[in-house]
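From first to last, the protein sequence lines are chains A and B.
Each residue of the first sequence is one higher than the last, beginning at 848 in the working numbering.
Each residue of the second sequence is one higher than the last, beginning at 9 in the working numbering.
Bear in mind the hints are in silico, worked out from the structure with no lab data behind them.
Even glycine gets a Cβ: it sits at the ideal position worked out from N, Cα and C.
Check before you lean on any hint, since a few could be wrong.
To be verified - Just a sample of chain A residues kept apart from chain B, beta carbon distances all over 12 angstroms, derived:
| hint | residue |
| --- | --- |
| 1 | R857 |
| 2 | E861 |
| 3 | D863 |
| 4 | R864 |
| 5 | I877 |
| 6 | L887 |
What the hints assert, rightly or not - Partial list, computed: chain A residues near chain B (C-beta under 8 angstroms):
| hint | residue |
| --- | --- |
| 7 | V862 |
| 8 | S879 |
| 9 | A880 |
| 10 | E882 |
| 11 | S883 |
| 12 | A884 |
| 13 | G885 |
| 14 | Y888 |
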Amino acid sequence: LEHNHDGELRHLVEVDRLIHEPARLMIVAILSAVESAGFLYIQPEGN
Amino acid sequence: MKDPTNRLIHRTQTYWYSDGLAEIGFTTICLVLSAYFYGQATLAPESLLFRILDVGFLLILLVSGLVTRKLVGYMKIRLTYPRTGYVSYKQPSPAQWVASVALGIIISSASILLFYTRDNLDAYMPAISGILAGFVLMFFAYRSRVLRFLLLAILSILLGTGLSISGIGDMMGLSYYYGLMGLVLLFFGSFALRDYLMHTQPLEE
């Protein structure tokens with residue numbers, strides 16, 4: 848259990864903070880599914 | 009699908025269908041096909057119009073597809089993008105294009121072969137069309153998780169099978185099938201559009 852906990856913590860430390868800030872993650876998630884998206888479509892998710 | 013990130017990706021992938029305009033656009037193709045098969049059923053085989061229709065089937069289908077695409081695009085610019093924003097989807101890769109075209113050629117060739125080699129299949133043409141369209145719609149429903157596509161699939165199968173059982177004939181049956189499917193699509197699309205317009209507002213200047 849202890850070992851698993853350490854592993855999970857290590858994964859969390861490895862998270863890219865630039866992308867995983869919630870608003871940015873939502874924007875990156877949207878853009879991963881499409882070619883392009885306008886500001887009006889993305890805006891509600893960034894708020 | 010409980011993960012909010014996956015939910016967001018799914019919502020973006022199915023955004024195209026959120027306003028019902030795709031179904032309303034597809035109504036045009038169904039009504040053109042209905043008129044085409046009505047002409048085939050009622051015109052004399054030696055008439056000029058019948059021959060033009062016979063030869064020009066692919067061209068009619070292609071033109072109605074292009075007109076529908078333009079019409080849906082125009083309505084999205086006027087109604088959808090000012091309310092909930094613009095999204096453009098990734099174009100299929102060359103391999104996906106080749107696979108789609110190959111599948112289309114195989115299905116069309118098999119249908120034509122069946123139609124010309126088995127005389128007794130004529131009466132089942134509406135049922136075959138309804139079942140094929142039903143499977144395509146079911147695949148759509150499975151991929152998009154949009155419930156109304158499943159209802160449309162069931163209606164397509166019931167309608168095609170019912171018309172075949174009624175003994176209305178192959179061409180007239182196909183004309184009725186596409187005409188009625190067009191109206192069903194228009195109804196579902198209008199309902200989805202009404203719901204979309206009620207829950208969204210255009211962006212104020």
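Hint by hint, here is what the structure shows:
Non-interface call for R857(A) relative to chain B: holds, since the shortest CB-CB distance, roughly 21 angstroms, exceeds 12 angstroms. For E861(A), the shortest C-beta to C-beta distance to chain B comes to about 17 angstroms, beyond the 12 angstroms cut-off, and the non-interface label holds. Against the 12 angstroms criterion, D863(A) stays outside the reach of chain B, whose nearest CB is about 14 angstroms from its own CB. Distance check for R864(A) against chain B: the nearest CB is about 16 angstroms away, which clears 12 angstroms, and the non-interface claim stands.
The non-interface label for I877(A) is inconsistent with chain B: the shortest C-beta to C-beta separation is roughly 5 angstroms, within 12 angstroms. A Cβ of chain B approaches the Cβ of L887(A) within 12 angstroms, the least distance being about 3 angstroms, so the stated non-interface status is violated. The restraint placing V862(A) at the interface with chain B is violated, with a minimum CB-CB distance near 13 angstroms, outside the 8 angstroms limit. Because the smallest distance between the Cβ of S879(A) and any Cβ of chain B comes to about 7 angstroms, under 8 angstroms, the interface hint for this residue holds.
Contact between A880(A) and chain B, as hinted, is supported at the beta carbon level, the nearest pair being about 4 angstroms apart and thus within 8 angstroms. The beta carbon of E882(A) is positioned within 8 angstroms of a beta carbon in chain B (closest approach about 5 angstroms), and the interface hint is therefore held. Taking 8 angstroms as the C-beta cut-off, the interface hint given for S883(A) holds, the closest approach to chain B being about 5 angstroms. The closest approach between the C-beta of A884(A) and any C-beta of chain B is roughly 5 angstroms, which is under the 8 angstroms cut-off, so the hint is satisfied.
Checking G885(A) against chain B by beta carbon gives a least distance of about 4 angstroms; that is within 8 angstroms, so the hint holds. For Y888(A), the suggested interface contact is upheld, since its CB lies about 3 angstroms from the closest CB of chain B, less than 8 angstroms.
Going down the numbered hints, you'll see the structure goes against 5, 6, 7, while the others check out.
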